[in-house]
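Kindly generate the complete structure, drawing on both the sequences and the hints.
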Amino acid sequence: MTRLTRRAGLAGAAATAALASLRPRAAHAKTKLQVIWMGWPEGQVKPLMDSFRAAAPEVELQVETIPFVQIFQTLEVRLVARTPDPDIFICDSPLTASYAARGHLLDLTPHLDASRFTKSAIEAASWQGKIYSAPFGSSCPVLFYNKKLLREAGIEPPPADVEKRWTWERLVEAARKLSKPEENRWGFSFEQQERPYMLLPLAQSLGGVALSPDGFKATGYIDGPAFLEAYGFMQKLYTEWKVSPQGLFDPNLPVEQFGNGRIAMLVAGTFNEATIKTRYPEIELGVAPYPRFEKGKAVTPTGAWHVGVNPRTRNRKEALALIDHFMSHDLQVLWFELRPYPPVLKSVWEKEAKRFETDMWKIVRYELEHTAVPRPATPGFREYEDILRTALRDITTGADVKATLTAAAQKIDRELEKYKG
Amino acid sequence: MKHGFREPWSIVAWFLAPALLGLALFRLAPIAIALVGGFTGTRLTGETVWVGLRNYRRLVEDPSFWNAVEVTLLFNLIVNPLQIVISFGLALLVLRPTPLVPFFRAAYMAPMTVSLSLTSILWAILLEPTMGPVNGLLRSLGLPPQPFWRGEDQALATLIGVASWKGVGYWMVFLLAGLLLVPKELHEAAMIDGAGAAARFRHVTLPLMRRPLAFVLVADTAANFLLFAPVYLITQGGPAGATALLMFEAYQAAFTYLDKGRALAISSVILFVIGVLALLELRLLRERGG
Chain Y
0 MTRLTRRAGL AGAAATAALA SLRPRAAHAK TKLQVIWMGW PEGQVKPLMD SFRAAAPEVE
60 LQVETIPFVQ IFQTLEVRLV ARTPDPDIFI CDSPLTASYA ARGHLLDLTP HLDASRFTKS
120 AIEAASWQGK IYSAPFGSSC PVLFYNKKLL REAGIEPPPA DVEKRWTWER LVEAARKLSK
180 PEENRWGFSF EQQERPYMLL PLAQSLGGVA LSPDGFKATG YIDGPAFLEA YGFMQKLYTE
240 WKVSPQGLFD PNLPVEQFGN GRIAMLVAGT FNEATIKTRY PEIELGVAPY PRFEKGKAVT
300 PTGAWHVGVN PRTRNRKEAL ALIDHFMSHD LQVLWFELRP YPPVLKSVWE KEAKRFETDM
360 WKIVRYELEH TAVPRPATPG FREYEDILRT ALRDITTGAD VKATLTAAAQ KIDRELEKYK
420 G
Chain Z
0 MKHGFREPWS IVAWFLAPAL LGLALFRLAP IAIALVGGFT GTRLTGETVW VGLRNYRRLV
60 EDPSFWNAVE VTLLFNLIVN PLQIVISFGL ALLVLRPTPL VPFFRAAYMA PMTVSLSLTS
120 ILWAILLEPT MGPVNGLLRS LGLPPQPFWR GEDQALATLI GVASWKGVGY WMVFLLAGLL
180 LVPKELHEAA MIDGAGAAAR FRHVTLPLMR RPLAFVLVAD TAANFLLFAP VYLITQGGPA
240 GATALLMFEA YQAAFTYLDK GRALAISSVI LFVIGVLALL ELRLLRERGG
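As they're listed, the protein sequences go chains Y and Z.
For the first sequence, numbering that gives the first Met the number 0 begins at 0 and goes up steadily by one.
For the second sequence, numbering that gives the first Met the number 0 begins at 0 and goes up steadily by one.
Note that these hints are calculated values from the structure, not bench results.
Take these hints with a grain of salt, some might be off.
[Said to hold, decoys possible] Restricting the straight-line Cα-Cα distance to at most 30 Å, the calculated cross-link-like pairs of lysine-lysine (DSSO-like) are:
hint, chain 1, residue 1, chain 2, residue 2
1, Y, Lys146, Y, Lys235
2, Y, Lys118, Y, Lys294
3, Y, Lys401, Y, Lys296
4, Y, Lys179, Y, Lys163
5, Z, Lys259, Y, Lys129
6, Y, Lys417, Z, Lys259
7, Y, Lys316, Y, Lys235
8, Z, Lys259, Y, Lys419
9, Z, Lys259, Y, Lys216
As structure tokens, then:
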């Protein structure tokens, strides 16, 4: 960790005072860094922040944590004010382009050594050839299942081998045997029942493309045949086969129901493994890869949380020091221990190889290298995500798939208009 | 003499100043900002530019805007008369000072003390289709469970129900105050003239209730036009746009679509509609003659 500017403390020494008088701010005040962070449990946030506090005692770190359901709105309100606050903010990787296009992210290309990061992480951090957000974690959902429930129903569990991954058709067949809707028992659920992040791969597995290559047109893409087929299939999980509980849009709810043994199989992010094991120790947890369609290919979602610097910050040096600290090998290992997202640093994968020998991490490693498709790169991702999310929500509750997707595509086109030239 | 006249005016001005300042700062200024802002757009880099009627032109061409207009009008057409009738009924019920009346008055007013966001969360849980207690109760009675918030044809009705659960007790208080001001002598005189209960209600109570009714109607309409929390917290305008009230559209324009001009244009439309409706309602309930 390199030393930060030596301000503070030395008031009285004439030389320093003279130097300090040239600076815009009082020399004796601690430099304040305002940070907006995700509302993860305190135990997963504080150790990271404390680690920086210890490394840079001359900086006063003020951290605001915002719950997931509010974080994007909150950031929007704070950023459009175009003030120096916050200095640092957590940035969902697919929003990198959105923030960058609107001048809310400092270009980190000269500052980050891209070769330290995995290729997919750098891709997710880039917009028009420059790196605008510092990759902090990646992601990869897997299929968790409750071994006991499957055994009791006489179902052979899904193999962990990526080459032999289950098809959605096979999964539904098993899920129907495991479901008793009238007793609130369900064969399967997505952790994120309405989020494009988790559901785009369904359509992509059938060859669907999420957005036009120039990033401005959804009509002809999300209302194309692959999407209609994939989301028609998804709808039947809720309405026809009744293997998934409707309306658990808060991602915590399906995980909780899985933990309580009410849901037998769950497609969910890797970080849930730790949560499930600590909160529901009695569960016999099995892990398999994200399924594909019988006639389709394997596709998985990826991308996750990055860290961005407000270009209007008055404390650029300190803000960049925080970025350096957070991208250091040691802190990334600590972060992995706190909340196991797939790491973005090559060195973590290499030096911590032992941790990645489990079934789950073998799957994740394969997916990140072979099947992961990032969300579409468009400055209008925020609008895209929200409109498609609402459409998916409606589809799970039985709305006409074609009409819903067509309307959503038109709405997205309308909103992306503003980013053209 | 002149001096004597001037002084009271300056005193009056001083006393009025804080209120007028507050009115200008917190009411008129935001309205002006919204009206002017409806004609502007924001560049990607943050500069505000004049775009003339573009925001309005886009609204007119936008089917989701018209859906929101339709939903908002339908919602208000039902919820306002419904709330007034129920709260008037409740006020009449708790008017006479019988022994249990204080209990009922308090019970009807109780939902008023719960914040709207808490109300929303409470009813989201109670009416949750899969795990909610209301459907549990229906099932145990052998009745089919209902989709409530998640049914395209039930969501708006559910919203009306919840808004009324919270609203009627509040409006009841104003109407009750109005009823208590109706002079007893008028009722007694009418009784002596042989008027029955229905006739007295129609010819004595109702005419004297015009003013409180006008206030409640206008205030209730404005409150319901601005309803936002349950839509934001529970339905997000869905399913399939069934609860997409204009306020939610304005919110989405500002915070999801990052389009301040559109949001302000929608706000201006809401303001205009409320203004027109308030005028109509006041006219409808204006006291006629002497």
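Now for the hints, and whether the structure bears them out:
1. Distance restraint check for lysine 146 of chain Y and lysine 235 of chain Y: the Cα-Cα separation of roughly 25 Å lies within the 30 Å cut-off, and the hinted pair is therefore satisfied.
2. Distance check on the hinted pair: lysine 118 of chain Y and lysine 294 of chain Y sit about 29 Å apart at the alpha-carbon level, within 30 Å; holds.
3. For the hint linking lysine 401 of chain Y to lysine 296 of chain Y, the alpha-carbon distance of about 23 Å falls within 30 Å, and the restraint holds.
4. Between lysine 179 of chain Y and lysine 163 of chain Y, the direct Cα distance comes to roughly 28 Å. Compliance with the 30 Å bound is thereby established for this hinted pair.
5. Pair hint lysine 259 of chain Z plus lysine 129 of chain Y holds up; C-alpha atoms about 28 Å apart against a cutoff of 30 Å.
6. With a C-alpha separation of about 12 Å, the suggested pair lysine 417 of chain Y and lysine 259 of chain Z falls inside the 30 Å cut-off, and the hint holds.
7. The hinted pair formed by lysine 316 of chain Y and lysine 235 of chain Y fails the criterion: a straight-line CA distance of about 53 Å is larger than 30 Å.
8. As the CA atoms of lysine 259 of chain Z and lysine 419 of chain Y are separated by approximately 17 Å, the hinted pair is consistent with the 30 Å bound.
9. Taking the CA atoms of lysine 259 of chain Z and lysine 216 of chain Y, the gap is near 22 Å; set against the 30 Å cutoff, the hint holds.
Taken one by one, the earlier hints fail for this structure only at number 7.
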